[in-house]
Amino acid sequence: MKMRIKKLKISGFRGFVAERPVDLSQPVTILYGENAKGKSSVLNAIEWCLFGSECAGKDTGMRERVGWRPENRLGSVPCRVTMICQNPDGDITFERVPRPRNKGLTISRKGQIVCSDAEANDWVAENIGNFTQFMAMVYQHQENIRHLAIAEDSVKRNIINRLLGLSDYSNLLDSLQSTGYSTFSRKVTGVRDDIDNIIEERIFGYKEQNKVLSQALKLRPNAISRKLIETEADKLTRSAQSLYRKTGVKLGARTRLADHGNPHKYINHMRDTVRALQTKSPQSKENLRVGREISDLDYHIAKIDASARKRGEEHKNVKEFEVKHGKLDSLQRKLNRLEQKKTNKEDEIARLDAVYSVLSGLYNYLVENQLGIGKQMCLACGSNANNQQDFLKYKVKELESDKIKTAHEELEGICDNIRLVSEDVRKLKELEERLELAEKALKDDLKEARARLRLTMKPSEAPVKILKKRKIESEQRRVALQKALKDLLSNIGKIEESCDRLDKIVAVMDNKEEIEKLSSIKQHKDYKELMKLEGEADLWSSDIKAIVAAITLVRDKESRARVARSKKKVSEYFNMVAQNHGIKGLEMIVEHSRGYENFRFKDASDEDVITILSQGDLNVLALTIFAGLGEANLKDIPFQSIIFDDPSQSMGLHHKQRLAELANIIAENRQVIISTMDSEFRHLLEQHITRPVKVIEFEHWNPNTGPELK
Amino acid sequence: MKWDDIKGELTKDSVRKKHRLALLRNIESAWNTGGTEQVEEWLLGQIEDTNTHAENLKRQLVGTHENKAEEDTDENED
Chain A
760 MKMRIKKLKI
770 SGFRGFVAER
780 PVDLSQPVTI
790 LYGENAKGKS
800 SVLNAIEWCL
810 FGSECAGKDT
820 GMRERVGWRP
830 ENRLGSVPCR
840 VTMICQNPDG
850 DITFERVPRP
860 RNKGLTISRK
870 GQIVCSDAEA
880 NDWVAENIGN
890 FTQFMAMVYQ
900 HQENIRHLAI
910 AEDSVKRNII
920 NRLLGLSDYS
930 NLLDSLQSTG
940 YSTFSRKVTG
950 VRDDIDNIIE
960 ERIFGYKEQN
970 KVLSQALKLR
980 PNAISRKLIE
990 TEADKLTRSA
1000 QSLYRKTGVK
1010 LGARTRLADH
1020 GNPHKYINHM
1030 RDTVRALQTK
1040 SPQSKENLRV
1050 GREISDLDYH
1060 IAKIDASARK
1070 RGEEHKNVKE
1080 FEVKHGKLDS
1090 LQRKLNRLEQ
1100 KKTNKEDEIA
1110 RLDAVYSVLS
1120 GLYNYLVENQ
1130 LGIGKQMCLA
1140 CGSNANNQQD
1150 FLKYKVKELE
1160 SDKIKTAHEE
1170 LEGICDNIRL
1180 VSEDVRKLKE
1190 LEERLELAEK
1200 ALKDDLKEAR
1210 ARLRLTMKPS
1220 EAPVKILKKR
1230 KIESEQRRVA
1240 LQKALKDLLS
1250 NIGKIEESCD
1260 RLDKIVAVMD
1270 NKEEIEKLSS
1280 IKQHKDYKEL
1290 MKLEGEADLW
1300 SSDIKAIVAA
1310 ITLVRDKESR
1320 ARVARSKKKV
1330 SEYFNMVAQN
1340 HGIKGLEMIV
1350 EHSRGYENFR
1360 FKDASDEDVI
1370 TILSQGDLNV
1380 LALTIFAGLG
1390 EANLKDIPFQ
1400 SIIFDDPSQS
1410 MGLHHKQRLA
1420 ELANIIAENR
1430 QVIISTMDSE
1440 FRHLLEQHIT
1450 RPVKVIEFEH
1460 WNPNTGPELK
Chain L
175 MKWDDIKGEL
185 TKDSVRKKHR
195 LALLRNIESA
205 WNTGGTEQVE
215 EWLLGQIEDT
225 NTHAENLKRQ
235 LVGTHENKAE
245 EDTDENED
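Protein sequence lines, in the order shown, are assigned to chains A and L.
If you're matching positions, the first sequence starts at 760 in the working numbering and goes up one per residue.
If you're matching positions, the second sequence starts at 175 in the working numbering and goes up one per residue.
The reader is advised that the hints may include incorrect statements.
No more than 27 Å apart at the CA atoms, straight line, and that leaves these computed lysine-lysine pairs for DSSO-like [to be verified]: (1) L:176 with A:1284; (2) L:191 with A:1271; (3) A:946 with L:232; (4) A:946 with L:176; (5) A:1326 with L:176; (6) L:232 with A:1316; (7) L:186 with A:1316; (8) A:1281 with L:232; (9) L:192 with A:1287; (10) A:1316 with L:181; (11) L:186 with A:1304; (12) L:192 with A:862; (13) L:232 with A:1287; (14) A:1291 with L:191; (15) A:862 with L:176; (16) L:176 with A:1291; (17) A:1328 with L:232; (18) A:761 with L:176; (19) L:186 with A:946; (20) A:1291 with L:192; (21) L:176 with A:1304; (22) A:1287 with L:191; (23) A:966 with L:181; (24) L:176 with A:1327; (25) A:1328 with L:176; (26) A:1276 with L:232; (27) L:176 with A:1394; (28) L:191 with A:1316.
Honestly, the hints are just simulated from the structure, not real lab data.
Same shape as in the complex, but just chain A (with noise of 0.2 Å):
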């Protein structure tokens, strides 16, 4: 299958908006124009058309291509490519649109459809290569020509490998690499390691718990078995049904080891079942209640001392009082003569104070009447008497300021005798009340001891004298209680110890046996199963290894017969393009290093040369790498097509020159088609190549519509 891309129908493509048709008929066809008016969207359609996705994404090590997509950003036309060629058997077209999966591609001829999306990908594969070979031979990408000055020669290797059509390869072997595959079994190892170490820390630690725990039981670690535990374990419920017979309490049920899932269990059982006898035991509760017995003594002996005390005081205070003051029924007699005393005053005053009135009455007539002056009659006897007026003024007087004022005094005197009296008879009352209360309060506490403490006694005995003697009573029962208590206490302890040695020895037998578990984890199935992975992953890592060295081989194979096939055509262009006179007879030669190939560039001189290029000679040569491979590889290539893209770049005059030179001896068996905004080149090209030439001018983009061709 020989092709020739005859036209190209582009919309909604990239920079393309409506369709727009690109004629490339002729033997030459010239793309010019500035940056950004759709040059380079004409040669993505022609890639994009053929292979869809492949030619976006980080597999085409192009970094412009990371996040490229073909549709037009505006969205507005739906984006279709479609491209004739010329076959001998008849044109062929292609069309293409974005679908899933990198389908959407329809092949047909003379108009009936040959395949389509997966079957016209393979078709594609089938007849014309892939991306890559498309790449190495029949298009060349701006960004290959620019890397290939960088020195570094992981990227110059890279960008020969691409040129070369080889990357598939490298990008292959390079993604094997990043898996880390050499380095995976360790992990298995490591994984297996872990689990060394931990069996063996953790039977170190059993180890060391169980010499710790021997030298504490006094036992050789040997000693100790299942039996020492049955053995121990019946020791300690004999020991246990014993203090119970001797304390008179009936022992509960499983109180043997066998009663028990584990021994664990039936230790904490009987550590339970001896502890609780500190307050099931009759000591214990006889204890208790005498505990509580002279508690209650004190508190009645003290609550009585109290009640007796308050009385002596009140029974203190009435006697005081009656010593001082006299007794009640005296104070009362006392009382009684006072107020007969204030009577017979009262009347005495009633007395006077009638005499007082005659007297005064007879006086006030005789100085009204100018009577009884000098010596006259008495009118109230008859008899003569002198001055009787002057008489009669001296005895009202006399009543008035002697007799009847002292009489009152005196009446005022016996008044604040009786209160005085009364008053002692109140606070005698009081007082006597106050001693009744504390009596009966002393009367209640007793009552209430002895039916608290059901205490029999005679009247004659004093109450709490029999209280401090039962007080007494109790504390002695209460030593020889706890006597007898301290005794099951330590019974108690010592049975506490049995358990904690049955303990000790049960946990140094826990230990052997996880120390025989562990020890047997290395003859376990999935122990055994780790390191036959183990095993298998390193078979892997060495059969990857195995496929990562027969990719290498045969991709320096091929690299070695593409090398050797397009050499001399390299080498021709080369010089020819170059005309470098430092540089004689460029040979291009291929070392290995490390799993990587190194491409090198010689001179006669046997001299590497790359690093005496020029910018402009490098970019000669990356050119000349591209078109000597295509050339010298014409026959295997369906494509009688080449593709340069703004190849002559960095170049000055006579490059340029030389390379539309050469642009015309490719164009005598190949479909030229080159994109450049550089003018002078654009001329040099029209000067140099004697083939029908076609110029598409790209004046003018509009976001609405697309490029303006001419």
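Fit chain L to the known structure of chain A by using the hints.
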């Protein structure tokens, strides 16, 4: 990619020939499905599966032992 040539190189060595060819077929299939990303994903998946299996075995071997000790402690607390 000349897969047949790579297979040919692997066939030259009789060691684990079948395994290696089978592995290569898987790599080829991944490559054809999704290029380097698919190859990496497939290989890393293989590595991850083996690592996970190894970790599971470790847990069964020494993790079970730890769990057993914890169960015993719980029983004692009961």
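Okay, the hints, checked on the actual structure:
no.	hint	verdict
1	L:176 with A:1284	violated (43 Å)
2	L:191 with A:1271	violated (49 Å)
3	A:946 with L:232	holds (13 Å)
4	A:946 with L:176	violated (33 Å)
5	A:1326 with L:176	holds (22 Å)
6	L:232 with A:1316	violated (45 Å)
7	L:186 with A:1316	holds (16 Å)
8	A:1281 with L:232	holds (12 Å)
9	L:192 with A:1287	holds (24 Å)
10	A:1316 with L:181	holds (14 Å)
11	L:186 with A:1304	holds (15 Å)
12	L:192 with A:862	violated (34 Å)
13	L:232 with A:1287	holds (11 Å)
14	A:1291 with L:191	holds (20 Å)
15	A:862 with L:176	holds (24 Å)
16	L:176 with A:1291	violated (34 Å)
17	A:1328 with L:232	violated (62 Å)
18	A:761 with L:176	holds (22 Å)
19	L:186 with A:946	violated (30 Å)
20	A:1291 with L:192	holds (19 Å)
21	L:176 with A:1304	holds (18 Å)
22	A:1287 with L:191	holds (25 Å)
23	A:966 with L:181	violated (56 Å)
24	L:176 with A:1327	holds (24 Å)
25	A:1328 with L:176	holds (24 Å)
26	A:1276 with L:232	holds (15 Å)
27	L:176 with A:1394	holds (19 Å)
28	L:191 with A:1316	holds (21 Å)
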